[in-house]
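Fit the two chains together into the complex; they arrive one by one in their own frames, and the hints show the way.
The listed protein sequences derive, respectively, from chains A and B. Residue numbering for the first sequence follows the working numbering, beginning at -3 and increasing consecutively. Residue numbering for the second sequence follows the working numbering, beginning at 1466 and increasing consecutively.
These aren't lab readings, by the way, just hints derived from the structure by calculation. Glycine included, each C-beta is placed from N, C-alpha and C at the ideal position.
Some chain B residues close to chain A (C-beta under 10 angstroms, calculated; not the full set):
no., residue
1, GLN1593
2, LYS1595
3, GLY1626
4, GLU1652
Label-pair distances were calculated between CB atoms; the ranges are:
no., chain 1, residue 1, chain 2, residue 2, range
5, A, GLY309, B, THR1660, 44 to 50 angstroms
6, B, ASN1718, A, ASP183, 41 to 47 angstroms
7, B, THR1660, A, LEU187, 43 to 49 angstroms
8, B, ASN1718, A, SER253, 26 to 32 angstroms
9, B, ASN1742, A, SER253, 49 to 55 angstroms
Next come the chains, spelled out residue by residue.
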Amino acid sequence: MKGLTYLKNTLLTGVAIALTVSCERDISDDAVVATFPVTPDIFTDAPVGLTDEFFDSFDPAIGANPNGFGTDENEAYEGSASIRVDVPGPNDPEGGFIGGIFRDRGEGRDLSGYDALTFWAKGTVTGRVTVGFGTDFDTDTFPVSTVITLSAGWTKYTIPIPDPSRLTQERGLFLFSAGSFDPLVNDNPALAETFNDNFGYTFWIDELRFENTGSTTLLAPTILNGQDLAIDIFTGFTQTIDGLGATFNLGNGQNISVNAARSYFEFASSDSNVATVDAFGNVSVIGAGQATITGSIGDQQANGSLQITSAGGFVNAPIPTQPASDVISIYSDSYPSVTGFNPGVFAGSNTQNIAVQTFDGNSHVQYEGIDFIGIGWDGTVNVTGETMVHLDVQLLSGSGNALVMELIDFGPDDTDNGLGNTGGDGTAGGFNLSSQLVADQWVGIDIPLSSFTLPTGGGGAGSPNLSNIGFIVFVSSNGASFLVDNIYFY
Amino acid sequence: MKKVIKHSILALTLISSAVFVSCELDETQEVVTKTNLVWSDEFNIDGAPDPNAWTYDLGDGTAEGIPGWGNNELQIYTDDAENVRVENGMLVITARQTANGFTSARIKTQGLFEKQYGRFEARIRLPQGKGLWPAFWLLGNNCAQNPWPACGEIDIMENVGDEPIKVFGSVHGPNYSGGESISKEYELTNGRFDTEFHVFGIEWSPNRINYYVDDVLYNSITPEEVDEETDGEGIWVFDNTMYMIINVAVGGNLPGAPNANTTFPQRMLVDYVRVYN
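This is chain B alone, in the form it adopts within the complex (with noise of 0.2 angstroms):
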């Protein structure tokens, strides 16, 4: 009898904690689901970036037929070393001001590695001051038959160099792109993104996007929240092969010009970049 007693206490308890696990696994789930490693560049090689992985933006966008890269940005592009090169592992985006302007760079994965779903993160040092633009982001890989923005955009980071504790990730689809993304903030209790490496990252399902900086998952879009978010006008465009781009803009509509407290030049420092399936 005492026995029958324990072991039932016993069954119970590994009933109750296997529940309690697999609920804690529920809710983490979304962010670690994809573990296995599919691409990733540690940025281990001094020089400029892996050609085999990286290519370039390049100019002012005027070539694109966006000057200013459509948000009245006010850098220049350039792969040049002294705008991006990789050193003492790690990937270093040089935003520099010059007698004419800015210079900065913007490397994207466009030809290179595409992919559609996936966990992407990379470990980044953002740069400092007002003006400065950073972000990790993915754009759908058919925007030229398919315009911006019915190709989607998933921006993983972004962040304004006078908001030094925050970042924003964003999707931006046809009725919900530029200012009407759908889009929210992740605000740091002890820290900031300019003084220290962070990971930033999403996992990115068929119906769902989720959002999270080091261990905190902050945001989950899913298309009955696209729905919600714009009155039913939005459209779900996320089964898209999409491709990544690391950039650091300078000035533009959205963290207008640097000021006098802004110094140049400027860094992002990225640790490496990984996607997993």
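Chain A extracted, bound-state conformation (with noise of 0.2 angstroms):
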């Protein structure tokens, strides 16, 4: 009996061993992928699993009113107490908005469950609020945010989560920011005295967590703010994509739009001999050639792309061989120039754009759809010891458009205060490059001092003086496109 019972324990020991050694392999074997927190509450009755601080204030540098925050036990949607935000008005000392984060104590949470982020809110009135989630103060990876409106009665607010595969270890929980309400809606930031009419109040919020609603679904992502844009450009054109969003659709049939960062995007390019875009949306047009840029988040193509033309390495502007010694020069990358060049002092109303472009480190100034423009620069130039003024010129527009470059001397006062018909001692006078120029091809055209004897737009009678030049003028009576470099006196 004896040596029974003891094979007996010797066998069930052997048994638990075996048992306890292939349990352990399992564990072993499956512990693979560390996960987080599954925890979907940020704020019931009490913060949940948030930091000490529980609120992380924006930096009160740039005008955030840490004191503000609170919770309260008199008012809850739920249970027995709620998050309270008292607004400051717009003029208070200590910070003239309320905002910041509610970040996870631990190492962070998986949301990857979650469709998006719900709460409760009420306000004393029909405030602005921007929340949202995935700022943490340290990678600011994945932030989401919108804009909500309050309401005097308790609303239950839907932020969805554009991709929360994404989400299996976020920090950021919780984003508010909210300014005075500003009852006249007339708030400019450029302007302090149209926020003399806001006023402070508080709202309130309940019932934060993340939810698997089942209900939302996205519409469409965004880039470029859902626009198609088509460009124009060359080899080594760079440009990041944003305008990053996404708009849903929710449960109650209502649409929500929310930024998104561009974590959750993919970006493509549909021809990478053409252009490049990195993960972050950064493009780089590498080739000649048509690409389009496009986004997407999960399978969702977003609305928006950029579609580039490229006519491959652009071609500056030849190197001027006149020695610097024989130079005034206004504009060139080849001579010392001019001090405070600008290239558009003024402008005529319905000129499109103004544009300083480099390649290859040489640069030109572009004009698009100009009726005229003036390039100025600090004080004057003395030319009276030069014959000659040079340029090249680069028409983008179709040929027949006309141009007419304008010399303008503000006389022996040296200072711009009119022409001889309006009493100041200026004088000016054009000349007409038209017939010079030709599409999509520099041409150095190289003009007699003597010749700018064209009446001007302004009033000039022709052939300025030439001690005291202080702008250079372009006029087009048909729009012209072109590109300019090496503006120079010989």
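Below, the structure written as structure tokens:
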């Protein structure tokens, strides 16, 4: 009997050991991916799993008021307490707005099983509050935000998650930001007095949590604010795709649009020999041809695109050959030039665009659809010792576009105080470049200074003085677009 | 003695479980008593809907004497492939916005398959957006002789596109028709009708119409209920022979017009329609 008992116990022990060993092996085989807590609640009657700070304010240095945040045991949508936010008035010395984030106190939460952040809120006025999640004041990888309008009664708000599968370890659980209430709806950040009618108010938030509503559907992501843009450009051009967001339809049939971080998106180029785009939406044009940049969230294509037509490598204007000692340069990478160069010190109201572009370290000015524009600089130049003016022009619009170049001399007082016809001592004259221009090709034009004989649009009589040249003007009667480089007297 | 007790316990267990099971059956049998498939369209052949199963209501209802199909609906029904076709195992009804308004489709089994009583069900994904009004319904086959609502209408599923988690089932008869129909709403607790497929059905017996969505029985309409709802004015007209209709309307009294958020085209996908006895 004893022997039998002993044997039995031995067998049992053996089994137990075998089980234990196999269990351990199972665990170690399966334990591949570390996962983070899936806790949905952020605030019910008290903060759930948040840092000791609970509320982490935006920087008071930028005007955030850290004082108006707390909980309220007299107000609750459900249970016994809610979050209370006292939004400061516009002139509060402690700061004119209130906002910040709630952070997970651990290493982050796995939110991939939820499709929205939801909460109940009400306000003493119908204030507008920015709300969102994904901002942790550390990596800020997955911010999402939208603006809600409060109601006097408790109202449920739903902020959808663009692609929950990305949020496997998120610390930024909630964000809000609110400024004073603007009853006249006239706030203009550039005019302080437009905030005088504003006042502070209070709002409450309760039952703040992530939720799997099952009824939130992504209608369309958005890049470039949903616009299909087209640009004609050259190798070396770069642009970052912005205007990123997404529009959802909620279970109540309402649409809601959110701003979404670029980390939710994937970007693609239809021809990576023409243009590439990286994971952050940075586009680089690397060759000639056409390419379209698109974006998507998950398998849903975004509204908006960037169609690139690249002419390949940009051909800069020829390098000038005049010795620098013989030149008074207004604009050129090859010569020391005037200081304070301004390609559009004034412009006609129909002028579409003025831009300085740089390829291979060589800059030029691009004018699009001008009626007239003025080039200015610090002071004036005295070119009485020179005989010619040079410029390189490339016409972008079709041949037949008219272009007149004017020189404006400020006169002996060296001040822009009007031409002779208005009582000033200035003089001006023009020269018609039109016949020399060739579309899509640099043309070097050299004009004798004695040839600026045409009367000017500003009332100049022609043949200006040359001691105090202060402006060079381009005038087009039919909206010419063109590039200009290497403007110098010699 | 022990054995006797044991058997008694066993017997009691059997009895109690039998009672329990039959209790469950009682509650669910209204949905599943009819299991003998007598008609179905699985929509497995691409192209126009099977002409042996389906015919069409066309136009704007003017020919039927009810412009706007009696509800100020905006669509014109066509039998064009761009409005109704079978593809990839689904019946697809597409509501489109055109230069002149909206087009869509309404197909029916009138004259091809008509039946008194039975279990009628379809697996459908609904269209999306304000102004869309999809429906799967039955209409009495003698409306010409016995004008609506006396010929009876059983709406198995209706939805308005800006309420994506709700559907409703209704009956229309004398003194309870149109806005006064006897109706009940069913709301999903998780999910949507316009992004997923759901099964919509009724089981129609001589004195009872049970409504279900997926495996949830959400309403049961009887002559007694009609009586109660209409203070005795309503007449039970559901011993008639009826045919099936599937359509997507646009606009009209019930859903209102599409708004700026409504995108077109909008599609209703029907995986199957099955009828059991």
